[in-house]
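**Q** Chains A and B supply the protein sequences, listed in that same order.
First residue of the first sequence: 1370, per this note's numbering; consecutive thereafter.
First residue of the second sequence: 2, per this note's numbering; consecutive thereafter.
Since the hints were made in silico from the structure, they are not lab data.
Hints may contain errors.
Unchecked claim - Below, a list of computed lysine-lysine pairs in the DSSO-like style, where the Cα atoms sit at most 30 Å apart:
1) A/K1426 - B/K59
2) A/K1468 - B/K38
3) B/K58 - A/K1387
4) A/K1434 - B/K59
5) A/K1438 - B/K72
6) A/K1387 - B/K69
7) B/K43 - A/K1468
8) B/K69 - A/K1434
9) A/K1387 - B/K72
10) B/K59 - B/K69
11) B/K72 - A/K1440
12) B/K59 - A/K1468
13) A/K1434 - B/K38
Claimed, not checked - Derived CB-CB ranges, DEER-like:
14) B/E80 - A/M1419: 39 to 47 Å
15) A/M1419 - B/R52: 32 to 40 Å
16) B/G56 - A/K1426: 33 to 41 Å
17) A/K1440 - B/R52: 23 to 31 Å
18) B/T11 - A/L1457: 37 to 45 Å
19) A/V1423 - B/P83: 37 to 45 Å
20) B/Q15 - A/G1432: 42 to 50 Å
21) A/T1389 - B/K59: 40 to 48 Å
22) B/Q99 - A/P1408: 23 to 31 Å
No residue lacks a Cβ here, since even glycine has one placed at the ideal position from N, Cα and C.
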Amino acid sequence: EAQVTQNPRYLITVTGKKLTVTCSQNMNHEYMSWYRQDPGLGLRQIYYSMNVEVTDKGDVPEGYKVSRKEKRNFPLILESPSPNQTSLYFCASSLGLAKTQYFGPGTRLTVT
Amino acid sequence: GENVEQHPSTLSVQEGDSAVIKCTYSDSASNYFPWYKQELGKRPQLIIDIRSNVGEKKDQRIAVTLNKTAKHFSLHITETQPEDSAVYFCAAPRVGYQKVTFGTGTKLQVIP
């Protein structure tokens, strides 16, 4: 089954404790993104990757890191989480920029 | 950068009536305009999209229209049903930057 998976689905952590949210897709998609969803702000792109070893900042990259060592995986790293990073995070993948994006199930992150 | 404005932010309609959601964009190079539906607690999923070489596209009760001159595109839902209740997002790629910008979302409520 074609899908995008994310883990964990829910995470409560404390300020400053490094965490990683994993994302994996099995559709051989080249383009992958991370978004955060906040009430009234829609989906905002954090980072994106055009292909393996090619990543770049989206509109809200501060406080986040990513890597793309393999085509299928695109982890999101918060090295020192802060309460303003409490949000719902979605990973997405597509064949390219102007193609349908397939979203993961979301990760609800709370930073206290 | 690219600005995608989406209106209205909330919309209530009676079952059977039509609903229209409009988005405007600023990047004249944008060439792909998708609409995503997000049901409560679920991930966004594509419902319809349009490319810049056509002005309208229909799929049963939903349609999207594009006015490239005015830089706006709209989602039309006819004969609304309670299961159409959801949050709808438009999006537009920023071709020169390889990024995607989403609108802030429209919460549609269909009243039985």
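**Q** Now look at each hint and say whether the structure bears it out.
**A** Do the hints match the structure? See the list:
1. Between the alpha carbons of A/K1426 and B/K59 the distance comes to roughly 35 Å, so the proposed pair goes past 30 Å and is violated.
2. Restraint check for A/K1468 and B/K38: satisfied, since their Cα atoms lie roughly 16 Å apart, inside the 30 Å limit.
3. Annotation: proposed proximity of B/K58 to A/K1387 is violated, straight-line Cα distance about 46 Å (limit 30 Å).
4. A C-alpha spacing of about 40 Å is found between A/K1434 and B/K59, which places the hinted pair above 30 Å, so the restraint is violated.
5. For the suggested pair A/K1438 and B/K72, the alpha carbons sit about 38 Å apart, so the restraint of at most 30 Å is broken.
6. Straight-line distance between C-alpha atoms of A/K1387 and B/K69 comes to about 45 Å, which puts the hinted pair past the 30 Å bound.
7. For the suggested pair B/K43 and A/K1468, the alpha carbons sit about 21 Å apart, so the restraint of at most 30 Å is met.
8. For the hint linking B/K69 to A/K1434, the alpha-carbon distance of about 36 Å lies beyond 30 Å, and the restraint is violated.
9. A distance of roughly 42 Å separates the Cα atoms of A/K1387 and B/K72; the hinted pair therefore is violated under the 30 Å criterion.
10. With a C-alpha separation of about 18 Å, the suggested pairing of B/K59 with B/K69 holds against the 30 Å cut-off.
11. The suggested pairing of B/K72 with A/K1440 is violated, with an alpha-carbon distance near 34 Å, which exceeds 30 Å.
12. With a CA separation close to 18 Å, the supplied pair B/K59 and A/K1468 stays within the 30 Å bound.
13. Between A/K1434 and B/K38 the CA atoms are separated by roughly 28 Å; this keeps the pair inside 30 Å, and the hint holds.
14. Look at B/E80 against A/M1419: about 41 Å separates their beta carbons, and that is inside 39 to 47 Å.
15. For the hinted restraint 32 to 40 Å between A/M1419 and B/R52, the CB-CB distance of approximately 20 Å leaves it violated.
16. The beta-carbon spacing between B/G56 and A/K1426, approximately 34 Å, falls within the hinted interval of 33 to 41 Å.
17. The given range of 23 to 31 Å is respected by A/K1440 and B/R52, whose C-beta atoms sit roughly 26 Å from each other.
18. In this structure the supplied range 37 to 45 Å is violated for B/T11 paired with A/L1457, their Cβ-Cβ distance being about 19 Å.
19. Judged by the Cβ atoms, the range 37 to 45 Å given for A/V1423 and B/P83 holds: they are separated by roughly 44 Å.
20. Our hint of 42 to 50 Å for B/Q15 and A/G1432 holds, since their Cβ atoms are close to 44 Å apart.
21. Between A/T1389 and B/K59 the beta carbons are some 43 Å apart, a value that agrees with the proposed interval 40 to 48 Å.
22. At roughly 27 Å, the beta-carbon separation of B/Q99 and A/P1408 lies within the given 23 to 31 Å, and the hint holds.
When held up to the earlier numbered hints, the structure conflicts with 1, 3, 4, 5, 6, 8, 9, 11, 15, 18 and fits the remainder.
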